[in-house]
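*Asks:* One line per chain: the protein sequences are A and B, in this order. The numbering used here puts the first residue of the first sequence at 158, with every later residue one more than the last. The numbering used here puts the first residue of the second sequence at 27, with every later residue one more than the last.
Think of the hints as simulated: they come from the structure by calculation, not from any bench. You may find that some hints are simply not true.
[Claimed, not checked] Here are a few chain B residues that face chain A, going by a calculated C-beta distance under 8 Å: (1) Asp340; (2) Cys402; (3) Arg444.
Idealized CB from N, CA, C, for every residue including glycine.
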Amino acid sequence: MRIALFITCVNDLAYPQTGIAVTRILERLGHTVDFPTAQTCCGQMHANTGYRAEALPMVHNYVKVFDRYDAIVTPSGSCTAMVRDQYPNLHPAAAAVAARTYELSELLVDVLGVTDVGAEFAGRVTYHPTCHGLRMLRLGDKPLALLRQVRGIHLVELDDAEECCGFGGTFALKNPDVSTAMLTDKCRRILDTGASVLAAADNSCLAHIGGGLGRGRSGVRVMHYAEILASTGAPA
Amino acid sequence: MSQHATPAHGGGRITAPLPFPTAARPEVANPQLRANLRRATHTIRGKRRRVVDEVPDWAALRDAGAAIKADVQRRLPELLERFEDAATAAGAHVHWARDAAEACRIVVELSRAAGATDVVKVKSMATQEIELNDALEEAGITAYETDLAELIVQLGDDTPSHILVPAIHYNRAQIREIFRRRMADAPPQLSDEPRELAEAARTHLRRRFLSAKVAVSGANFAVADTGTLVVVESEGNGRMCLTLPQTLISVVGVEKIVPSFADLEVFLQLLPRSSTGERMNPYTSMWTGVTPGDGPQEVHIVLVDNGRSAVLADPVGRQALSCIRCSACLNVCPVYERAGGHAYGSVYPGPIGAILSPQLTGVADNASLPYASTLCGACYDVCPVKINIPEVLIHLRQQAPHPVAERASMRGLSWIMRNPRRWAAALRAARLGAGPLGAARQRRIGARTLRWLPWPGSAWTQSRDAPLPAPQTFREWWEKR
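Just need the whole structure built from these sequences, with the hints factored in.
*Replies:* Written as structure tokens, this is what we have:
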């Protein structure tokens, strides 16, 4: 199977370790990963902020770059949701490539049929299911099913987990007060778990929650769950 | 309404006087409001979930509700005329109002003709939307709200902040204070026990029901085949208004039409469970024109457009007209829970308000509301008629006027991101530009984050640390491996 990695613009720039983790997980499972360097951004920020015309060139670029692959994997729930939910309405030929675009846990659990990826990670971890993964992709239990197989992990449940963290892309900038109020409640729930690591399927949401946890000097670290799945117990 | 004219937008209490972020700021900072909202929304949310989860065919009911409403939207003019014919044949008088002002004028004239100096009111969103109480007051007619929560809001000189629970922003101690100050016949020793508060309101209202000549209501549903109007309520005060006065005037938005009586079977299951979290509401009143010798003998129905034809003209946005005003979306919305209803500046707050108000007024007059959402999708999941609120929000954001600086940076970013070479160069430039800063932050505080950014990044760093570009982009790692 020709698997292409769509890294996403945010991860390429600020969270390369997440892309490295996805590559290592898939290679450990015996698959070959390709990274077509002509990829850019899915256009979600533009489309969701009201700039559909400005998003369209990115949509066309994505379809052009990824159309020849059997599967495209993305370590982002919201970028996957953008491609799968919105692309078919934005590009006449996008439906097929959109259907072959998977969030990491979908590729591992649904397509490759794996839940144990041979990971080892020592730590108390709680998981926040991000909105687009939860309610648009319906990822359900898949990321947690993968995390439960990690040796040494101590997974703890997050109260009100399904509630949005207040990020919402440009919402965080346009409505900073309401966004911060939501963030505070999310951080309180995370601290209540006593976890030292918060994991999620989206680094944008994690930048928001982590930005709040860091501002509060909470000592809680945020990690994309792919980085936990890539871990083999050796100190990072 | 000419077939070729562009449908007009509506007026009334549907325009936010302040941008949502500005209006929300003091509300978010109000500890009493936050506590009241959190408690109330979480209580109703839990009740709704329990009574929805127990219905085995809930998904099919939602599909049916959405399908009936979509069908109504496809043939609304025909169904409205059928309703008019049936209601008229049953002895009702049907009036047509283009907008809020015309609807108010009709109700004022009818009330005057009935010789009324006051009217009793059934809880109704349409009459709040058209600001009927103000119009009646200007005409020297006093409107008495009889729904307990509407009465609280009216006595407090306030406006509703929730579709179902207009006084959701008050707790019972605050309600006792309003009653003590503003309800002349409230007992002096009134406590904040819900039973005592309800009893005080009951005594206060009873005299009004017995003396009023005119009642004003809205309607939850209007059945085209039979000309029947339906009001769904909890308290029985509506039933009093609908049966005791001689004249009954009902103000009904044109989207309230359902084709047949049988369609009520679907909505009378969907509405109470989604709304109050009850299996069935205590009172469902239905009336068809006039029944000689029983109930109101003068029955008027005012069908109001007030921007609804403009909403209907938008193939994506028109699903907002499917709304049955249950409030489930408000109760699950994390933005509503923190900002409250007044921040939306319209009688329709929350997610449904964020898509309905801007469409009724035209997006330019309510430009901040489509952005008053994180697009988290909780509203879509609970909507009993499957209105895809996130989809409509994104759709309306296309029509909103965009700030100049934002537009320029979005265009610039799009120009870079549409071209792989430009994007790769921009990534490298960002990484190089932030390089020394990132390294310094890493040494000093152990993290590649910034605690302060200039505008517009300051909106982020006011409450969150900001990430810096990594020392090596992913594509640089890929090329070197």
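*Asks:* Less than 8 Å between beta-carbons is the criterion; does Cys402 (chain B) satisfy it with respect to chain A?
*Replies:* holds (4 Å)
*Asks:* Measuring from the C-beta of Asp340 (chain B) to each C-beta in chain A, is the shortest one below 8 Å?
*Replies:* violated (15 Å)
*Asks:* Given Arg444 (chain B) as an interface hint, is its Cβ closer than 8 Å to any Cβ of chain A?
*Replies:* Hint holds; Arg444 (chain B) Cβ to chain A Cβ min 3 Å, cut 8 Å.
Hint 1 from the list above is the single one not met by this structure.
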